[in-house]
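Protein chains: 2
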Amino acid sequence: MPKISQRGENTPLSPFRKFAPLAERVKAQGKKIYHLNIGQPDILTPPQALQAVRDNPLTVLAYSAAEGEMSYRKKLTGYYRSFGVALRPEHIIITTGASEAIYLGLLSCFNQGDELLSPEPFYANYNGFAHMADLVVRPIPCDIEDGFALPSAADFEQSITPRTKGIFLCNPNNPTGCVYSESTLRELAEVVRRHDLYLFVDEVYREFCYDGQDFFSALRLDDIREHVVVVDSISKRYSACGARVGALVTYNESVLEAVSRYAKLRLSPPAFGQILAEAALDMDGACLDAVKEEYDLRRQTLFNRLRQMPGVTSYLPGGAFYCFARFPIDDADRFCRWLLEEFDHNGATLMLSPGAGFYATPGLGYNEVRMAYVINRADLEAAMDCLERALEEYPGRIPVLEPAFAGFENAPEYSPMAANVFDN
Amino acid sequence: MPKISQRGENTPLSPFRKFAPLAERVKAQGKKIYHLNIGQPDILTPPQALQAVRDNPLTVLAYSAAEGEMSYRKKLTGYYRSFGVALRPEHIIITTGASEAIYLGLLSCFNQGDELLSPEPFYANYNGFAHMADLVVRPIPCDIEDGFALPSAADFEQSITPRTKGIFLCNPNNPTGCVYSESTLRELAEVVRRHDLYLFVDEVYREFCYDGQDFFSALRLDDIREHVVVVDSISKRYSACGARVGALVTYNESVLEAVSRYAKLRLSPPAFGQILAEAALDMDGACLDAVKEEYDLRRQTLFNRLRQMPGVTSYLPGGAFYCFARFPIDDADRFCRWLLEEFDHNGATLMLSPGAGFYATPGLGYNEVRMAYVINRADLEAAMDCLERALEEYPGRIPVLEPAFAGFENAPEYSPMAANVFDN
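Those protein sequences? They're chains E and D, same order as listed. Under our numbering, the first residue of the first sequence is numbered 1338, with each subsequent residue one higher. Under our numbering, the first residue of the second sequence is numbered 1338, with each subsequent residue one higher.
Here chain E stands alone, though its shape is the one from the complex (with noise of 0.2 Å):
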């Protein structure tokens, strides 16, 4: 029997979903799980755009264009352009989801054995792509003090070898919520500009930014227009992450023509998914500020119920609907499982995404893990409840000495909206 690759065996399992099969099976038993370990949200795809795809008056599913439906691709710099971004169509790809313009990108941009930066933690999934790739991630450590901030430039400029070819960000920020200003940025570019390097940015979550903060995508980086690479996926703007439609979108002629080669070998992307897409792009903005809305409503039931918990540390996320936590436990991946295969409380438990999956750096985020703020609050509080008794119950607990929350007192950013939140 001929064996796998020697790749296809190291593949990182992705952390959000290897506990998925046993999931299945507690499920099967009769337990109630509430779900924050992947982010699949609960908020309802758009009506209008899934009636859209009821309304198709196809009779012929044909292939579209490899780079994707013309009409949808139009459309889309209209939406760009509400960012303050300027773009052609011909700018924009359209991928299978997020997932494929990350990997074309990658293909496209980096030979084998190139590196790349990424602030840690990071979309454990951007180091599976880069696995595919041939290519090294190396991480620059961020802070759970701080709320992950961006390291500075100069931590990235020091990490810079005659192999580094570019710098991933997520912003703003999966696992961490971290939203990047654009001063943080514009930094960053001057380092991209002079070592010659690719950015690319993942924005999937620039409609979520919280507390006021502004939202400031890359592609207004007119200093390394060329260097850009963002990626975009309609997932988790329109709740729709089965579409499957995402983008890449980037100035440079070159890459485009190579991504474009690639898109050709896989033909073309959903069908159905782009039609749903470009109807999305016709609903009113304040569809999309409700949805916000009510992810910030989840995001500060969420610190607020972690705050109290003893030995937890973690902080009020800017963007995005994550949030890492440290626990007082012995092993977070132990822990995950545990709570399947062990706890329950009144019936249920919590599916979280043990932390170390989203580093490169080992032995780091062992004690950590992210939650996807992406259920009703209702049933945010009982998984809080769940989490709360579980800690408490957890045979690898360790022992709490003084409370250990920190990012809140830590992060003078977010203090203004304390009132807000909390006092009421």
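What the hints contain is simulated information worked out from the structure, not anything from laboratory work. It is possible that part of the hints are untrue.
You can't tell identical chains apart in this list, so a pair holds if it fits in one copy or across any two.
What the hints assert, rightly or not - Here are the simulated lysine-lysine pairs, DSS-like style, with alpha carbons at most 27 Å apart:
(1) K1368 x K1340
(2) K1364 x K1629
(3) K1629 x K1368
(4) K1411 x K1369
(5) K1412 x K1355
(6) K1629 x K1340
(7) K1340 x K1412
(8) K1364 x K1411
(9) K1411 x K1629
(10) K1355 x K1368
(11) K1369 x K1340
(12) K1629 x K1412
(13) K1340 x K1364
(14) K1355 x K1369
With chain E held as given, fit chain D onto it using these hints.
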């Protein structure tokens, strides 16, 4: 400005897509184009399958399981049973089209630098995906004179080197239309077993075997059960190319596990496509028979016209909906471009895929083309009118000394059909 990657620069440009931008410009000028260049059928997608998408009750368009919806995988086992293949749902991983099945399969089974043997000409994108996965395709040349019959098992065996790890077939074959019989596959299986290779078989055209030939799935090769990886798709079977739903099927548990890791990375195949695919399985088999009959008539139409064109070499293809032909021209690439840019016949022209892109051996296929008989018979006749005229007018034509059409006479297995097809 950073450079794009070498691999991005060297990605083979899909021969059936390379002239797409030119074709768009030509169409914008009002010229009609008969598309024989790409396997995009005009056959209706099953209305009841499209209706299932219209009737979907979804309110949140969520990710499916990374390996596909279990309900669909279960139902697919019944479909496979219909042609003698017994599977558990876990043996089937749903992918985003056959393209993704090919690519994730290659990554899972082969290491960088490994070699695959494939009869040539082959589906051009195999080369592209092999390039993406850092693999080398070693071609085993076939001959248009015998309808591109599979080379002998000995021919394959002679080409095996220490780096050879697999054989990649397409059965029925795209681009040649050749169908490989059970005995042919069993002989090859012996080589696969002896050298501990993987046998990849792309079976997306399995419904389209003509002249009463039986389709024999590689999944029935019990002696090499763990070696076989089958690639599947609903694109051609149900004329649903835009659904982007394929599958990778294997009994090899290690391969399934590796593919599943990659599948988790990209999160999920498309939701709507899976709804459509599952509904299509409820269809009456008679619908597929009618589609096959229509393709068969088109096949005969095409063959009948080609054999009357002086200097054209071709054959009656036994399966799929493609045919290869050799033209009396200097260069098929130039000819295909000329057809679009310079030629018209009653305001119309046709688009073909230049043959060289289907060969790995430099210099082969330069005067050959692939034709997909995916348009209705009236249009196909009109396209052949164009072709006939074009071969007379093309400035790079080569003088024809004697009729070159050879395939029909030299392919005895087709003779019984001759009377039926051409005498009435």
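Could you tell me which of the hints above the structure violates, numbers in ascending order? 1, 2, 3, 6, 7, 11 and 13
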